[in-house]
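Participant: As a plain string of letters, each chain reads:
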Amino acid sequence: MNYLWHILVMISIYAILAASLNLVTGYSGLLSLCHAAFYGIGAYVTTLLMMRAGFGFLPAMALGAALTALISLAIAIPSLRLRGDYFVLATLGFQVIIFGVLYNWVSLTQGPYGIPGIPIPVILGIPVDTVFRYALLSGALAVACLVMIRAVARSPFGRLLRAVRDDEIAAAALGKNVPRIKITVFALGAAFAAVPGALFAGYMRFIDPTSFTLAEAIFILSIVVIGGAGSLAGPVLGAAFMVLLPEALRFLQMPDAVAANMRQIIYGLLLVVLMRFRPQGFLGKYGFE
Amino acid sequence: MLLQLLANGLVNGCMIALMALGYALIYNTTRIFHVAHGAAYTAAAYLCYLLLIVFKWPLLLAVVGGVAAAALLGVTMELAVYAPLYRRGASDLISLISSLGLYVALVNLIALLFGNETKVLRPGVEKTCRLLGVILTRIQVAEVVVAAVLLPLLVLFLKRTLWGKIIRGVRDNPVLAEVLGIDLMAVRIAVFAAGSALAGMAACLTALDVGMDPQVGMPVLLTAAVALIVGGVGTFEGPVIGGFLLGLIQSLIVWKISAQWTDVITFGVLIVFLVFRPEGIASRRRRLEESAA
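As you go down the protein sequences, you meet chains D and U in turn.
Residues in the first sequence are numbered from 675 upward in steps of one, following this note's numbering.
Residues in the second sequence are numbered from 20 upward in steps of one, following this note's numbering.
In short, the hints are calculated from the structure, not lab data.
Every residue gets a Cβ at the ideal spot worked out from N, C-alpha and C, and that includes glycine.
There could be a bad hint or two in this list.
[Claimed, not checked] Short, incomplete list of chain U residues facing chain D, as computed with Cβ under 10 Å: (1) Gly108; (2) Ala161; (3) Trp280.
[Said to hold, decoys possible] Stretch by stretch, here's where chain D covers chain U in the computed footprint (C-beta under 8 Å, at least three residues): (4) 34-44; (5) 94-107; (6) 253-265; (7) 290-301.
Using the sequences and the hints, build the whole thing.
Facilitator: Okay, structure coming up:
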């Protein structure tokens, strides 16, 4: 049974990650390859606040989200003038830089050794010490985040995002402040990405920089693209699909070493095939045109 | 000590410049953010390993095999993935996501076939040469010689010959080039072949020097992309200048700070350029109405 709860935790984590990236990429058309950096900053800030400053899990997570949003400004403001490929390359650079900082700033992050012994989250006095309880916590946070993201997407601001995505010049001509809209949605996406970071840290009770690499950023983007960019259900379906894929391979009796590569080969090819025949993904509304 | 560092920077710069020029050929002409170029690089290194160590081919033939494999892979990717997308009029973002998918699939295929561990092509101590108090291995001398021959020849070729003019024409305006009777798809195949072959050359030489693992392609590709932007997108001398500049900066980082910060500072340089001089070192400032393309 614990196995099922574990899968539910992982799906919750990736569903929030994908839904938050979907705000940036699916609704606003900004292809970002630094979401794993925000995920990592969220994980590290939450962990450090809990372990060094004695914060509880939820306050640490909230502060982590706020700080991640603040850090996202450092990339959003200079990259805003850039379009298309250049913006992607800037976010990619930011991803590599953050990974390098997590890896090399040993006095703060313990670098490649990682941080072990992260305390169990305690919510309302109840320790979240079983996989079942953790599945409840992460499921609840995922639902909360998804509801908030849905509210953003359906608000006038959400409409503005789609307007900027579909025709930036027209939106600017109507007097909308396009740069400010982009900065806001980027910060919002970063803040939401910090939540699964905190969940991941509290669940694994150990973090090191290798969980927050460029490959992870590409993985999160793939979830959005495969599930369907610009739709509400797409990221959730994509997350479920991508988390269940390796489990399915395991049921096919594939050895773990092969399965790890096979899973990535499958999702890489899936990206190529989808872009060719169905760029909006399974459920998407936005085909990157 | 300083001289040795400069020499190492030069060797490193030669390889970045080769990779960056190959990337520039493809990117300038097709505007595809061809991440899977990194996979062509990795594939060339592994084929070289296969031919040299497993099949016991002579060194030179193994390198030729690696270069040919990269060119073939590049052309295959163009024909199977990018050309259909271009004909459909798909956006740059779609090509980019396809390219990411290709990269992930190919690199994992290589890891599946050859294993994830680091492979060394020439075990043991390499013979060295001393020149002006600088110590270089024979492979490193070969890297410099290959780059010193190929880079100027290619840049001159692209600047002076009709072929170069056609490629520049396609770069500046693909639609107009096609109207003038240039076979656009053939030019695209040619730049994919030549660009990937350059990546293969850099890959084989670097692999002979320091070995490789399945993940080597991405950092090399990213450094080449940074060299192109720093040097100047749309030019062919720009990526070469940018490549040498990055090679020198990286060896200074190793000297003054620590090798671990190399990636951080490389991308720091990128962000500085993107913000303050997005047109790069070599390209002239364009007038506003030119920048639309």
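Participant: Taking the hints in turn, state whether each one holds.
Facilitator: Here is how each hint holds up against the structure:
1. Gly108: Cβ of Gly108/U sits 9 Å from chain D, so the hint holds.
2. Ala161: Violated, because the Cβ-Cβ distance from Ala161/U to chain D comes to roughly 30 Å (cut-off 10 Å).
3. Trp280: Check passed: Cβ of Trp280/U comes within 6 Å of chain D, closer than 10 Å.
4. 34-44: violated (count 0)
5. 94-107: Our answer is that it holds, as 3 residues pass the Cβ test (under 8 Å) against chain D, meeting three.
6. 253-265: violated (count 0)
7. 290-301: Coverage by chain D holds here, the residue count being 4 at a Cβ distance below 8 Å.
Of the numbered hints stated above, those contradicted by the structure are hints 2, 4 and 6, listed in ascending order.
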